[in-house]
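Trainee: Here are the chains, one letter per residue:
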Amino acid sequence: MTPATRHPWLIVLNQAPVVLFLAVLALFGARSAQFLQPDNLVNILIQSSSTAMVAIGMTFVLLTAGVDLSVGSMMFVGAALAGKLALQGYPLLLSILAMILAGLLGGALNALFVTRLRIAPFIVTLATLYLGRGLGLWITQTRAMNLPESFLHLGAGRWLGIPIPLVILGTVLLIAHIVLQHTPFGRQIYATGQDIETARKAGLRTGRILASVYIVSGACAALGGLISLTQLGAVSPTFGAQKEFAAIAAAVLGGTSLFGGRGRVFPGTLLGAVLIQTVENGLVILNADPYLYPLVTSAIIFVAVSLDCLRQRLVERLSRRLIRPV
Amino acid sequence: MSSPAPAAPPLLRFDRIQKSFFGVPVLQGISLSLDQGRALGLVGENGAGKTTLMNILGGNLAPDAGRIEFAGLPHQPRSPLEAAAAGIAFVHQELNLFPNLSVAENLHLTAFPRRRGFPVIHRALLRAKTRALLEQVSLDIDSDTPVERLTAGERQLVEIAKALGIEARLLILDEPTTSLTDLETRRLFDLLERLRGQGMTMIYISHHLADVLRFCDHIAVLRDGELVGSGPASAFNATRLISLMVGRQLDQVFPGSAPPPDSPPVLEARRLSHPGIIDQVSFTLRAGEILGLSGLMGSGRSELARILFGLDPFGAGEILVEGKPLRRPRPIRCLRRGLAFVTENRREEGLCLEASIADNLLLVALRDFAPPPARWIRRRPLQAAAARIRSAVRLTPTALDSHPVKTLSGGNQQKVVLAKWLLSQPRVIILDEPTRGIDVGAKCEFYQLIHDLAARGTGILLISSEMEELLGLCHRILVLRQGAIRDELQRPEFDRERILRAALHTERAP
Ligand SMILES: Nc1ncnc2c1ncn2[C@@H]1O[C@H](COP(=O)(O)OP(=O)(O)OP(=O)(O)O)[C@@H](O)[C@H]1O
Ligand SMILES: [Mg+2]
Chain A
-8 MTPATRHPWL IVLNQAPVVL FLAVLALFGA RSAQFLQPDN LVNILIQSSS
42 TAMVAIGMTF VLLTAGVDLS VGSMMFVGAA LAGKLALQGY PLLLSILAMI
92 LAGLLGGALN ALFVTRLRIA PFIVTLATLY LGRGLGLWIT QTRAMNLPES
142 FLHLGAGRWL GIPIPLVILG TVLLIAHIVL QHTPFGRQIY ATGQDIETAR
192 KAGLRTGRIL ASVYIVSGAC AALGGLISLT QLGAVSPTFG AQKEFAAIAA
242 AVLGGTSLFG GRGRVFPGTL LGAVLIQTVE NGLVILNADP YLYPLVTSAI
292 IFVAVSLDCL RQRLVERLSR RLIRPV
Chain B
519 MSSPAPAAPP LLRFDRIQKS FFGVPVLQGI SLSLDQGRAL GLVGENGAGK
569 TTLMNILGGN LAPDAGRIEF AGLPHQPRSP LEAAAAGIAF VHQELNLFPN
619 LSVAENLHLT AFPRRRGFPV IHRALLRAKT RALLEQVSLD IDSDTPVERL
669 TAGERQLVEI AKALGIEARL LILDEPTTSL TDLETRRLFD LLERLRGQGM
719 TMIYISHHLA DVLRFCDHIA VLRDGELVGS GPASAFNATR LISLMVGRQL
769 DQVFPGSAPP PDSPPVLEAR RLSHPGIIDQ VSFTLRAGEI LGLSGLMGSG
819 RSELARILFG LDPFGAGEIL VEGKPLRRPR PIRCLRRGLA FVTENRREEG
869 LCLEASIADN LLLVALRDFA PPPARWIRRR PLQAAAARIR SAVRLTPTAL
919 DSHPVKTLSG GNQQKVVLAK WLLSQPRVII LDEPTRGIDV GAKCEFYQLI
969 HDLAARGTGI LLISSEMEEL LGLCHRILVL RQGAIRDELQ RPEFDRERIL
1019 RAALHTERAP
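If you read the protein sequences in the order shown, they are chains A and B.
Each residue of the first sequence is one higher than the last, beginning at -8 in my numbering.
Each residue of the second sequence is one higher than the last, beginning at 519 in my numbering.
If we strip away everything but chain B, and leave its shape as in the complex, we get:
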């Protein structure tokens, strides 16, 4: 940053940081500095190197070359613990909690309060400390709850509470809002504002450029491991950020909308109910239609999707695929009837992290490329189809095909999940938060992809917390609240406020 003669030296300074993986340069000499009490927005395409830079700062990786200075001292953490001791807290892109441990244990895993003179955990003190931390992030849950019982949104708040727990001076947030609803996001920003007011320094990574522009004091843009722009936030706007990130102009985010099709239904739900989960849900999805499913997190959107794909049972009602009832749905049966389901939980449900990118891509479509009777895999057509799909979602470079998926950047992992399903050419595709963690450029391509899929007659059920996405893509939007459909809007009636009202309006839960 080029502020003239700063009064105090910067809290953090990167000096020509370099890093490569397997000879592929990922960071190519990044120099950057950040003042105490400021928030730096770090943006860039998927795989630009944002997380890698933060991993170096947070002690997860060692740089190949370059130096970091933190609080006036050289900073060379050899472990996350050392970075934490120096005052750096890292909220990871992928949540890093232990589902088998309680919230309290997760928050204090490396610093349990002990009884004096014994290495035994002081449970009462632990609970009290945990309650105080949870209060700071406005999370009202029991401190002994196992984390496996929490929703994605609640887990995110626990992660942030964890960072507050180590009394950090610098807080790294790597895409913290990806699993939060609008409401929760707003609450998070209130919290972050308050922390900044108390002198906390932050690095904020996100693909939501509007959030970055609104919240951050400074912005730095990475492209292919190089710093291609940095300065005060006021010097940027969304268009400029995007063109810096992608290196080209993006004029239109959403493809033009086609008129709603008048085609036969491909997926129907008739009075689907399950006690305590969903209630009398009925809808019809036509071939070629994009149907949006809106609602707050915990409104039953994902639960409905899981029921439709046979992952969870339902008590009453009926599901019809292409007019014929789907009895006792199971994922395998749904798959054969042409349903596809992109889960919101990619790390646990969407990917085999240790398997190669190629293997993950081919997982679902494999059957289609192994024709009876021998069921031998036809390698060549399979590879060709995979290559087509991966270029469609701009998943590059191909050279990494044999690497495990876990070495991909977060956004690129999401692309693998998408591509995997698209390869099986589904009749109906249920997308649960499909663009989570995907950069603007790829999002744009992805919207086009959905649009084309629909144009070719695939029925699409799109669950999203991003209102823009629903408004921009869908023919019709259903609003869910407490497991029931509360409103239905046709494209001409689309109205942000009406959707929010239907989603929010609630008699306070006991």
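Only chain A is shown next, with the shape it has when bound in the complex:
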């Protein structure tokens, strides 16, 4: 379009998540040769896949200017249910289905309160956060559950040479990306997030759109829980705790706006999730003090958000329409 969009700084800032990611890779890579080993990189990807999965659903919600705080609890309920069923001898597939169903139902519950009763998403999902945690603790009798080997086998398994967690994540990511960028429904999500009143006037079924993003988020939370289960092989009472913050951080790091209408799952949210994991992984390899982890992670989030602000301002300055030749 305008020459402004080709401004070198803008190109850099537009890719802020990518740039930051590369910078972090370079930084850790320079300090430890082990870090950049392909095995380690794949490892990072696998470790981040659960957060990434939850963050994909979170992105849907954030795009509508809402928020879903209940994802961590939803993971817990699903995992507790799946674990219980598996321990009672039900087949693996059935417990997985039960888990996803629990996520869908949890999402539907959020959706019901947000769209029908018009309660602020923050409040609704805060309530379901406690509800879910309580329900999970009740199912597990507040005890840690060790799951049958079959879960761990699933997590260690490969399909066409690709680790199963990555297969699940990749599939969902691809679908989510296509839905958001290339389907009418996806574009309507962006419109609703920009201005719900205008969207309603334009004839969009905003109620349905809002409802569906919470259901998507619930489903993604359940799938994220599944990935975690296959990696941990156990359900502890803190399973999924604070996952909501990791997911929001990943989405925001990836350039999603908390005010709705802006953001993408690919590359944005995926990169955000991987970035957080990369930092942790790098710190482990460098043998850093574990108490440093949250500090470094928060610094990264801070830098990313600042970069995004800078970008916004530069875009504003550059995209002023030219009235006369420069």
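Worth flagging that the hints you see were computed from the coordinates, not collected in a lab.
For clarity, every value in this text was computed on a predicted model and none was experimentally measured.
A hint or two may mislead.
As the list claims (entries may be wrong) - So the derived list for chain A, only partly shown, Cβ under 8 Å to chain B, looks like this: (1) Pro175; (2) Tyr181; (3) Asp186; (4) Thr189.
Stated by the list, open to error - Simulated restraints, written as ranges between beta carbons of each label pair: (5) A:Phe250 with B:Leu884: 36 to 42 Å; (6) B:Pro778 with A:Glu307: 37 to 43 Å; (7) B:Ala756 with A:Ile2: 51 to 57 Å; (8) A:Leu108 with B:Glu836: 55 to 61 Å; (9) A:Phe250 with B:His640: 42 to 48 Å; (10) A:Arg134 with B:Pro637: 43 to 49 Å; (11) A:Leu103 with B:Asp660: 38 to 44 Å; (12) A:Leu18 with B:Ala650: 48 to 54 Å; (13) A:Leu27 with B:Pro637: 37 to 43 Å; (14) B:Ala892 with A:Arg134: 55 to 61 Å; (15) B:Ser538 with A:Pro(-1): 55 to 61 Å; (16) B:Pro637 with A:Val158: 19 to 25 Å; (17) B:Leu643 with A:Ser23: 48 to 54 Å; (18) A:Pro228 with B:Asp660: 54 to 60 Å.
Unchecked claim - Here are the simulated DSBU-like cross-link-like pairs (lysine-lysine), alpha carbons at most 30 Å apart as the crow flies: (19) B:Lys924 with B:Lys961; (20) A:Lys192 with B:Lys647; (21) B:Lys924 with A:Lys192.
C-beta atoms are modelled at their ideal positions from N, C-alpha and C, and glycine is treated no differently.
Starting from the structure of chain A, add chain B with the ligands where the hints point.
Mentor: Same frame as chain A, now just chain B with the ligands:
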């Protein structure tokens, strides 16, 4: 309409439509009908109920009582989508586009072309359809451009293209020309004429009575939610329309002009430049002077105003307020030096839509009514000042003070913006399209207000697309083209044609 024995039944019939908000009646039994292929002009003061009536027709609101018949069938849309499906397109008074989506996406938001068998958007087809629609409204932009990059005028054309996209039988246009220049308005009317020739029925709402009289076949006048007159356009003239609208005679629109003051300058621009935006702009505004800024949309008028008020940066030059340089202008600094700026973009920049009318009114002046050292707000003088201002701009009724601004009619919202700034008693006031969407009666009061402000020594920089307004009010007019001042006219030299020539004359842009 009382045409004797019409051959075909009317396309649209309102039958005793009633609507109230919070117990306040807004429509009090409107009955009206409209034939296929005709244009109905709907006029009335701000808050008369025009938009509300159209919202009922367009499925945004349900009437409290009464029936609508459209194309021979009862019409009770429960949503805008149902109204659209019935063949009714609504171009809203406030533009309703999504700045974060592309032009193509905005045009097809509820009816994307899909790939066969998949719910996936067919991008190539989408672009082609969009190009065809944009061509119909003579808009030459890329279909993938995000709407946030478009000017107000371009956005308006996109809105109309959207209505064409649903192949409507009835097109509702609620003040469609408020953000268009003369040239664009003429182009719009050419387009509307063509559509009418093809059998499109239209309802046209505007405060530009001349446009309504020229374009429409029938006219209906609303006053306080009642139909106070309707008939063929030929039965009306401007004077009659105005007296029906306001319920009284308005003999003079512009206050008599005072001689240009010979006072010290309050605002000076010296060779202001910013690459690609404005070039070597110099002017002097004296205390008590009304200086007009003319030019086509996109000539840099609004950009200049934004620069003067510190909203946008500038590369070179100098701004002086009351003889002293204004270094690194920011809105807050400009405010303290006595500058005020009424934006042309009221919904996004001028108002807090969710906040109450009272809160919006008091936003700017609050500091002045909270004297140091404690800076507690002096409620009583503040309320008194607010009451004075609101009666000056005829913003009624006071009972609605605690309601959010968004429930006001479009014109009344504009009055809130104006009143807000007037309350701070500025030394210099920059007005960017201040009378957009304001009815004739209020316009008249508003002109008087500007005139009085100037008489009391406020310097006024008036940006307007309405030539009448500039000619009627200003002491001096500057003409802007491509970001530079091309002509300057003193009152005795005022000449419509000379201004247009200076504004238009251009070596075709590449
Ligand atoms: N949602 C609402 N809630 C409360 N009052 C409303 C609402 N919508 C409109 N009104 C009131 O109804 C009256 C009529 O408003 P309407 O928008 O129909 O006026 P209008 O004729 O279109 O005026 P204008 O020329 O200023 O656009 C106004 O007094 C307005 O404040
Ligand atoms: Mg209106």
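Trainee: Against which earlier hints does the structure fall short, listed by number upward?
Mentor: 5, 9
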